[in-house]
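Using the hints, position chain C against chain H.
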Amino acid sequence: MSDTLPPSLTQSQDPATPIVIVGHVDHGKSTLIGRLLHDTDNLQDGKVAQIIESSKKRGLKIEWSFLLDSLQIERDQGVTVDSTRIPFLLGSREYVIVDAPGHRQFLRNMITGAADAEAAVLVVDAAEGAREQTRRHAMLLHLIGIRHVLVLLNKVDLLDFDQAKVAAVEQSVADLLKKLDLEAALFIPASARDGDNIASRSERMPWYTGPTLTEALAQVPSPASRAELPLRLPVQDVYRFDDKRYVAGRIERGRVRVGDTVIIGTQKTPAKIASIASWHAAPQISAAAGQSVAVTLEPDVIPDRGDLLHKAETAPMAASRIRARLFWLRQEPLRVGESFHLRLATAEHAVTVTSIESVVNLDDLTEYAGEEVPAEGFAEITLSAAETILFDPFVPGTADGRGVLVDRQQRIVGGAPLLGPASIAAGEKVIHPTGSEVTQQDRARAKGHRGGVFWLTGLSGSGKSTLARATEVALFAEGVDVTVLDGDTLRAGLCKDLGFSEADRTENVRRAAEVARILRDSGQVVLVALISPLLSDRALARQILGEDFAEIFVDADLATCEQRDPKGLYAAARSGKISGFTGIDAPYEPPLNPALHLKTSAGSVESETKTLASFITKSVTLSGAFKARS
Amino acid sequence: MDHLDQLEAQSVFILREAYRKLRPLAMLWSLGKDSNVMVWLAKKAFLGRVPFPVMHVDTGKKFPEMYAFRDEYVKKWDLDLLLGTCPPVEDMDPSLPPAARSAARKTAGLAAMIEQHKLQGVIAGIRRDEQGTRAKERVFSPRGASHKWDIRNQPPEFWDQYATPHEEGMHIRVHPLLSWREIDIWRYIEREGIPLVDLYFAKNGKRYRSLGDQDITNPVESNASTVAEVIAELETTRTSERAGRAMDHESEDAFERLRVAGYL
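As you go down the protein sequences, you meet chains H and C in turn.
FYI, in the UniProt record's numbering the residues of the first sequence are 1 to 630.
FYI, in the UniProt record's numbering the residues of the second sequence are 1 to 264.
For reference, chain H alone in the conformation it holds in the complex (with noise of 0.2 Å):
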C-alpha cells in the first residue's frame, strides 16, 4: 500500500513469498505488522506522524494496527474488518504480508488472504494461551496446507518474560498444532509492541537464543517449482481469432512443448500441440507452470472450458464420488443432500453432498459424526456427481484439488480440499442425484419473477386454504406462475399412507416441504397451506427449504375457529370422535417471528387476501432487466 516504501535497487525480480499473520483477536496481529515495517525500515516519510495523529484524535498512545486498519470503521472499533496485503521488504528479499482478522465471522476473509500464502505466522497472546480463533485459524492452516508455521508467543512482558511460564505456553500450543499434524518450525517470544525480538533481540529474555522473527522469516523455504510435476494445463476458453482456433488456460504444473501429444478431458481425445501463440513476445517452443498461454491443436479439436489437458502416461484420478474435506463459509449450516457446483480450477460440475463422514469440534479439535456442519464449519464429506470427475488429490502448494463450492447463485459457499476417489461401503445407499443446468436466473427471466415458498400455519379452521386459493387467483391473474400445496389434498393423494401420529404429521410435514422445494426450484410460487403446528416441523420445512421460504402465520383465535368449524373437526374431536386434534387434545405452537401476520378473526377475505398477494409480490418480483452469464 501507499505507506510502504517501493523496493531498493538490490530487490531481486524473484516471485514474491506471500506470508499470513493470523491469530485471535486481540492477541496482536495487525500492532505485529506495523512494528514489523517501522523496524525494517519499510515505511514512508510522515506514515509515523499521520499514525500518532489519528491514535491521539481517538484518546490511544500510538496504535501500530492503523497502518492497515485503514478504513473507519476498523478504526473506531479496533478491529480489522478485512484481508490486507502489505509489500514488505526484508534484505533482497520480498514479502507480501497478509493481514487476516480474527473474528470468527470473518473466516471468508482470512481465507482470501491466506489460501495462496507460503508461510504463516500464528500469534498467541502468551498471557491467554490458545483460543477459539486460534484453534480455528490453525485448522484452516491444516487445511489449506500450509506447512511452515512461526508461532510468535507475543506479549510476554505480561509473563516477565519468565522463561518457565514461555515454555508452559510453548508446550500448550505445541499439543493444539500436534492434533492437527502441523509442526511449528518455530516458537519466538516477543513483545510486537515495544518490538522484542521482531527486527532485533530482546535484551530482556538473554535465556532466548533462537532467530527473531525477521531472521525466521528470511529463512522461509522459497515457493517450490512445479514445472518438472506432470501437465496439467486446465481449459480456460477457446477462441477464434482470423479464422484460427487458440485453446487458452494457465499451466498449472509441468510443460507443453509443440509437438508434444496431450490428451484432452473426459473424451480421451489425442492432440498435438501444434504452436504456442503469442503477442509482443518472442516465439516459444515451449511454456511452463505459471504461464498463461494460448495453443493450437492439431487436429483441430475443440475442447470446452474445464478440459483438462495431460499426458497419456500421466492421467489424473477419475471418479464420480469424491471424499473431500471441508471449510464451510455459508452463514447457514449444510446438510447432507444439498446440491452445488464444485469448481475445480476452471471445470465446473454439478454435486451433492451424499454424506457427512465427521464434523471438527472446535474446542478441543477432535471428529464427531454429525448430520449437518455448522456455519464456518470444519468436516469431511463425500462428493457425488452425475458424471466422471477429472482431479487430483489436494497437495499443499500446487492447484491440485482445490475444489470450491458454490451455490446455485453462483456464490462461493465452500473450500474442499479433494482426497480421493470415495469407496462404497457395504449396503450403502448410492445416489448420484443430478442438479439442474438451467439456472435460477434463467427460469427468473422466462417468468418475469423468482420462484418461492410461502408457508401458512395456522390451526384447522384459520383460513388457510380459503386465503391460499384466493390468493392463488389473483396471483395467476397477475401473471404468477402459482400453486397451492394443501394439507388435505396432499393427504389425498401423496400423503394417503400417513396418519396422525406425531411421527406421521413429521413426515407430512417433510413430504410437502419437499414437493415444495422441487415446484420452487422450478420457478414457481408455491402457497403451502398446512396446520404444521409444531415450532420443528416448521424448522424441518426451512431446513429443507433454505433461502426463499417465508413463514405467514394465518392466525385466529381457538374460539373463533370452532365456531367456523368448516369440516366438523372441532366437533368431532370435543365428542371423542377423533384424537390428537391440534388446539382440542394437541398443541398448536405459533410462530415466534414470522415473516407475515396475518390476523384472520375478524378481517375479511378480500382484505387479507390483498395483503398476502402483495407480499408475495413484493418478495418474488424482479427489479430492472438482469441478465445473467456464466
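I should point out that these hints are in silico values taken from the structure, not numbers from a laboratory.
Ideal Cβ placement from N, Cα and C applies to all residues, glycine included.
Treat the hints loosely; a few may be bogus.
[Unchecked claim] Derived contacts from chain C toward chain H, CB cut-off under 7 Å, selection only:
1. H3
2. N223
3. S240
Structure of chain C alone, referenced to chain H:
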C-alpha cells in the same frame, strides 16, 4: 519466470476469466500509465486484440496531452472506444471536501455508463499499493444495484475462483492489476516499451507521478525524464504515489467515502 512474468501471467488469467464470465464487459481507459498497461495486457491475453470496448469517463478536465494521446492510440491500438460524460460538480454530495466532491463526478459518470451499456463487468486498473482501502479489494469485486462497495460483506475469493453477479442490477469490478506495485508498472513499461503521455516525464524540474483531473492533481519535484530515470527515482523515493492527488489528503476518510459510493 521472474516477478514481471508472474504478474503478467496472473493478469492475463484474470482478463480471460472476465471475458469468459462477464458479458457485456468493458475496460476503463483513463489514459494513465496503469490503464495503458492494462490495455497492453489485454492484447497479450487476446493475441493482439482487445475484444471488448474501452471506456473513457471524461470529466472534461483532463490535460490536453491526454486527449491527444487518446485520439492517437485509439487508432494505433484499434480500440472500440466508448465515451461518457460526467454531471456538473453542483450535483455532487456537498458534504464531501472540495477535491473529493470534484472526483465524485467521475463516479456518477461511470454509473451512468454502466447502466447505459448494461455492463456485467468493468475492468479497472486500481492497485493495492496505491491506497489503504484499495489494499482491501477483491480481484472480482461485486457491486450492487446502487454500485456501492459493501466493505463489510465482501465475498470469499481464493484459489483463483471469483465472484459472478448473482442478483439483478449487479456488476463486477475486475481488477487485473491489484497485485502490481507502482515500480512493477514502470519496469513492465520499460520491458515492453509501452507508450505513455509525456506528462509523466520531468520538465523544468517537475513531473506528474499520478494523473487525474488538472485541477486536483499536482506535479512532484523530479528530474526523471525517461522511463529508466523514473524507475531509478522510485527506487529511492520515500513519498507516496498519490501525494499529488488532492482528494486523498482532505480528511481521513474522504477516499473511503468516495470508494464506498462507487469510485474506483
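Structure-based check of each hint:
1. Interface hint at H3/C: satisfied, since its Cβ lies 5 Å from the closest Cβ of chain H, which is below the 7 Å cut-off.
2. The closest approach between the C-beta of N223/C and any C-beta of chain H is roughly 18 Å, which is over the 7 Å cut-off, so the hint fails.
3. Of the supplied interface hints, the one on S240/C holds, with its beta-carbon coming within about 4 Å of a beta-carbon of chain H, less than 7 Å.
Taken one by one, the earlier hints fail for this structure only at number 2.
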